[in-house]
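All chains should be built: construct the whole structure from the sequences, respecting the hints.
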Amino acid sequence: MVIMKFTQLYEWMMYFIILCISGYLFFLNWQYPYFVNYIFLLFGLFVSTLYQRIRVLLLSGFLTTVMLVYFYLFNFVVIFSSIVKFDVIYFILFAILLVVFFYFHIKFMNRLWVKAQANAKMTREKLVLTEEKLVQSEKLSVVGQLAAGIAHEIRNPLAVLSGFVQMLDKNEKTRSIMLAEIERINAFHYVS
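Here my numbering is used: the first residue of the sequence shown is 1, the next is one more, and so on.
Check before you lean on any hint, since a few could be wrong.
What the hints assert, rightly or not - When the alpha-carbon atoms are kept at most 27 Å apart in a straight line, the in silico BS3-like pairs for lysine-lysine are as follows:
1. 126 <-> 139
2. 107 <-> 121
3. 121 <-> 133
4. 126 <-> 115
These aren't lab readings, by the way, just hints derived from the structure by calculation. Predicted model only: the values in this text are computed from it and were never measured.
Following this line, the structure appears as structure tokens:
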């Protein structure tokens, strides 16, 4: 909600700044035609490209073209005393060319921005998957260490029992049964 309001405010501020720049340049050319060069009317186009928004560029291009045509029609003698009347059309065509160039430039930059965001998102997803695999690997490592510890704790008493059974020589039958059972437990350990 707050981000949406900020975005709307930001968008209105872009339009407001472009209108202010265009208005100021119009006022300067209207009031002080000898003070400001006609080409400065293109400044609004350059500022509008900073925002990387096509609608702002189109608004700025429209305002620039209207101002160029206005000063061409109504203040030509005052502003362009040393220029042939036909040459001003080149200024207007240049402004239109700049709008077209900046339009494609902004579209290209926006496509690059989308690709960069997609790559960043994919990298974050891979990072999360890698972290999950690492955690799973660490869990398996801990389980393996725990199993090795348990096996060690089981084998120690078995080794002691095996040693004691071998020392018993009184009853050969009992001794062989105990040794077979111990070997079976020991073999079970190796299987699992």
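Distance restraint between residue 121 and residue 133, which requires alpha-carbon spacing of 27 Å or less: 18 Å, holds
Proposed proximity, residue 139 with residue 126 (alpha carbon, max 27 Å): 20 Å, holds
Residue 107 paired with residue 121 [C-alpha distance capped at 27 Å]: The hint holds at about 21 Å.
Given pair status - residue 115, residue 126, alpha carbons within 27 Å: Distance of about 16 Å is within 27 Å: holds.
Violation of the numbered hints given earlier is absent; every hint is satisfied by the structure.
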